[in-house]
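Visitor: The primary structure of each chain is shown beneath.
Protein chains: 2
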Amino acid sequence: MVRKRPLILVSNDDGFQSKGVSELIRFLRPIGDIIVMAPDSPRSAQSAALTITTPITFQQTRREVGLTVYKCTGTPADCVKLALNTVLQEKPDLVIGGINHGDNSGINVHYSGTMGVAIEGCISGIPSIGFSLCNYLANADFRHLKSYIQLIVRQVLNNGLPPQTCLNVNFPDAHQYNGIKICEQTHARWIKEYIPYEHPYGPNYYWLTGEMQILDEHNENNDAWALTHSYVAITPIKIDMTDHAQIKEMQNWDWTLPKEED
Amino acid sequence: MVRKRPLILVSNDDGFQSKGVSELIRFLRPIGDIIVMAPDSPRSAQSAALTITTPITFQQTRREVGLTVYKCTGTPADCVKLALNTVLQEKPDLVIGGINHGDNSGINVHYSGTMGVAIEGCISGIPSIGFSLCNYLANADFRHLKSYIQLIVRQVLNNGLPPQTCLNVNFPDAHQYNGIKICEQTHARWIKEYIPYEHPYGPNYYWLTGEMQILDEHNENNDAWALTHSYVAITPIKIDMTDHAQIKEMQNWDWTLPKEED
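Sequence lines, in order, name chains A and B.
If you read the first sequence in the working numbering, its first letter stands for residue 1, the second for the next number, and so on.
If you read the second sequence in the working numbering, its first letter stands for residue 1, the second for the next number, and so on.
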């Protein structure tokens with residue numbers, strides 16, 4: 001019996017023409033057959049947003065043995081859904097988002113379109129990974145990620161992932177790594193988030209910016225610590241966000257409805 | 001000492017003119033002072049998406065004692081960030097999203113702009129709640145939610161919430177409720193998600209639709225069960241999505257880098 005090559009669905013949030021997704025394709029081609037369905041323009045910070053007020057469409061831009069690329073008018077999560085519902089005749093073995101141009105560690109998992117790809121793949125029951133490099137430049141150098149990405153992808157293909165868990169993998173902006181660290185999501189928040197500008201005719205307008213404030217900086221198990229210490233950070237992320245301890249706590253609250261008031 | 005009235009920041013994803021947010025304001029006014037910063041148009045399924053490729057702005061649309069309303073050009077999560085960074089002089093006591101016109105239970109927490117509001121408030125360190133009614137109509141009747149919403153809000157003000165936990169509260173589309181149930185997030189996925197249409201000059205276009213496929217339908221603790229049995233479903237949601245069991249599992253994988261290959 002000839003063992004079929006793994007089928008890998010790729011998307012991203014920087015768009016189908018970004019260097020990050022091109023490099024990812026190059027790294028994955030020795031491992032499996034690849035279908036890319038990626039946004040036709042950058043869609044950073046789109047989280048798991050879906051397009052529901054307009055229809056979406058896609059077009060093939062490249063086809064060769066083992067690789068087909070489509071560009072799509074939707075969000076990163078739309079891309080995964082649309083590929084699974086249209087061009088894919090079978091369930092892929094993996095869904096991979098990235099490689100993102102920028103850090104998606106810690107709470108960025110909530111905003112990241114790259115992780116929107118992985119979360120969508122995971123909800124669809126497919127082992128899923130988001131890869132990000134902590135470098136925002138369009139021409140960032142991804143070459144030294146190759147052997148790590150190939151190792152992580154092969155390990156996920158071999159070992160599988162639990163049905164409701166995907167991986168958030170972040171690479172520090174360094175050219176040599178101390179190895180791989182399996183991490184917790186860093187507890188953090190963004191502060192000083194807007195720069196106001198005066199508009200000549202109307203109200204001020206605001207550009208999003210900000211500083212990341214890490215709230216558990218002494219926790220050597222979190223992904224921020226790993227990244228600042230030149231480790232590749234792999235953070236397993238659960239789709240089920242239930243706080244089970246809080247269920248028990250809240251079952252003891254007084255839920256007696258008061259009499260109607262104004 | 002006069003005890004200050006609670007300050008409540010409200011946003012939503014159906015826009016500042018939706019009935020759901022108007023009704024929420026009406027229910028909350030006896031409890032506290034209210035600042036609304038809500039999108040200027042519907043932004044459903046925007047998740048925790050942020051606007052980063054254009055600046056955003058806001059304008060005051062209503063001001064009276066105890067209530068100020070702003071409309072904002074951003075997403076639901078943008079609205080929370082912008083309010084906290086601009087119009088609010090102090091940290092609010094609560095951040096509330098809703099009342100959404102539609103079901104945000106189960107995995108919808110990942111797509112919901114209403115829960116984008118609650119997640120953003122929670123990341124900012126403020127007790128946060130998303131309220132949703134399982135009825136998509138623009139003129140849905142929210143009146144019977146009033147006493148439940150007031151009770152839940154008062155209980156959260158009294159008891160607080162853990163720093164990284166917010167609440168996803170969903171009301172069944174029924175006019176009488178059997179009470180409140182503290183729930184787990186339902187394990188589910190969407191299937192049959194697109195309706196294709198032929199475009200006269202180009203590729204097909206696709207409208208998002210779909211059926212919810214519940215994967216743990218016999219679990220009487222999940223929010224889908226509560227809703228189908230006419231309970232108000234409160235699901236505590238964690239910002240920290242780390243799968244701790246999977247960390248231990250993956251620490252045992254073989255992370256030896258192979259030799260470079262093409």
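Rather than coming from a laboratory, the hints here were simulated on the basis of the structure.
Please note: incorrect hints may appear among the correct ones.
Identical chains blur together in the list; that is why a pair holds if it fits in one copy or across any two.
Heads up, simulated EDC-like pairs for lysine to aspartate or glutamate below, C-alpha to C-alpha not over 16 Å straight-line [to be verified]:
#, residue 1, residue 2
1, Lys248, Glu211
2, Lys146, Glu249
3, Lys4, Glu217
4, Lys146, Asp216
5, Lys192, Glu211
6, Lys19, Glu211
7, Lys248, Glu90
8, Lys91, Glu193
9, Lys192, Glu90
10, Lys4, Asp93
11, Lys71, Asp40
Visitor: Could you work out which of the previously given hints the structure breaks and list their numbers from low to high?
Guide: 1, 2, 3, 4, 6 and 7
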